[in-house]
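Trainee: Sequence:
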Amino acid sequence: MRALISISIMGLSLLTSTAAVEAQANQERVIPEHILVRVMPRDLVGVDLSGAALADVSFERVTMSGANMSGANLSRSRFPDANLDRADLSNTDLTEADLSTGRFVGANFRGALLRNTSLTGANLTGADLTGARELGYEINQARLCNTRLSATVVLNRDCVELGVRAETRHLVDRNAQQRLLQNRACVGCDLRFAQAANASLIGADISRALLTDANLSGANLSGANLVDAELTRTNFARANLSNVSFSGRPLPRNVIFTGTILRGANLSGQDLTGLDFQGADLSRANVEAAEIDRTTLLRDARLTGLDLSHASLSQAIFPGNDFRTINLTGVQIYGMVLTGANFTSVELSNARIVESNMQRAILAGANLSYADLSGIDLAGADLTGADLSGANLIGADLTGANLTRANLTGAILFGTDLTRAILANARLNSAQLVGAQLSGARLDSADLTDANLFGAQNAASIPVSGTMTFCRTRMADGSDRSSSCGAAVSSPK
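Sequential numbering of the sequence shown, starting at 1274, is according to my numbering.
Hints were generated in silico from the structure; no laboratory data involved.
Here the structure is a predicted model, which means the values were calculated and not measured.
Certain hints may be false.
[To be verified] Pair ranges (Cβ atoms, derived): (1) 1520 / 1668: 38 to 48 Å; (2) 1523 / 1354: 37 to 47 Å; (3) 1434 / 1527: 13 to 23 Å; (4) 1607 / 1476: 17 to 27 Å; (5) 1334 / 1406: 20 to 30 Å; (6) 1733 / 1758: 35 to 45 Å; (7) 1526 / 1461: 34 to 44 Å.
In this text, a Cβ means the ideal position worked out from N, Cα and C, and glycines have one as well.
Kindly produce the complete structure, drawing on both the sequences and the hints.
Mentor: What follows is the structure, given as structure tokens:
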């Protein structure tokens, strides 16, 4: 029977003696569907149909394992429950073909045209779709294990269900282009267990995709759309995620970002506690309103230009405590050890720092306007030229701090310890120093216009060299000094 079928397919003369049909077969290799249905309902193992015109043909339940259909026109043909294991379907036209529930284990689809092809329930275990054209969302409906989309991308979503061991070996072709995703829409795609290490996925739209357990280590996803993607246990180690947005869904704590390039990435509003960013590049990343704590690993991470505005930092540990170039506007800092931390010229306006140690911190030129620093230990801190206008420094320890040329206009310093603090040329206009400790403080040429020093301790001991400005200033004893506005005077009472 197999010989008869093979001969009939190649020539048709053994099935019909009409010259017209024979001529049609020789010229176009067209096989009428009624002949195929009659003579090969069960067994076409190893048949050679390469280059044949087989549009609109039904191969339902036909066994065609090992068949050669390369280059054939199979558009709109049907393969429900057919067996095409190890079949060669390379460069075939499968436009609008129905492959649903068919077996294509180990089949070769390289270069095939899969426009609107139905793959619902198709078993593509071990199939090779490298270079397949117009493969899109339909891949989600297939059963995938060791299913290769390129030399660097293997999908393993259904291996457990199929009882097949997933392929884990390293794929070395780093130049292969990922045909399904690169610059194409794969919105909502199910890419669980995908093996895409070192793949090029630049600009891919995989928003709302399922990437659970996917391996994207070393992949280039710069500019990709990952909004609302499911990233449980997704491996992004050493991947390039520049300018990628992670909005829409909370990041799971087991996603891997070690050594990842996240330059310009959008992580705003995310809970980053428990995440590992060791060695990652977060330069210019947007982490606005995010949550970071001591379990967020940032060792050796690059944070240049990081936007942490309105973020919550609870006992967080930053590499080298170097915050230069980081935007900390409105940041909430709780219980952090910031001894000697470098905040030179950092934006900290409206920040709230609670129960943190900032001894000897470098805040020269920093903007701390309207920041809440109440009760903070800033002993020995360098606040030269800092803007502390409107800041809340109630009960803060500024012992020995350098506030030369600092702007403390409207600052609240109730009970603040300014022992031996240097306030030379500082602006204390309208500052509230009620009950402040001023023992040994230096206010050379400080401007105390409209300041309130009522109840300030040891105010009379302030050493003066140069001039201080008192105008409408309420002194420690409750008296007002305003008779010498703009004039050089001696130390206050």
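Trainee: So, for every hint listed, does it hold in this structure?
Mentor: Outcome of the hint check:
1. 1520 / 1668: 38 to 48 Å: holds, 39 Å
2. 1523 / 1354: 37 to 47 Å: Since the Cβ atoms of residue 1523 and residue 1354 sit about 42 Å apart, the hinted range of 37 to 47 Å holds.
3. 1434 / 1527: 13 to 23 Å: With a Cβ separation near 22 Å, residue 1434 and residue 1527 satisfy 13 to 23 Å, so the hint holds.
4. 1607 / 1476: 17 to 27 Å: At 39 Å between Cβs, range violated.
5. 1334 / 1406: 20 to 30 Å: holds, 28 Å
6. 1733 / 1758: 35 to 45 Å: Since residue 1733 and residue 1758 have Cβ atoms about 21 Å apart, the given range 35 to 45 Å is violated.
7. 1526 / 1461: 34 to 44 Å: Roughly 24 Å apart at Cβ, these two residues miss the hinted range, so it is violated.
Hints 4, 6, 7 from the earlier list are contradicted by this structure; the remaining hints agree with it.
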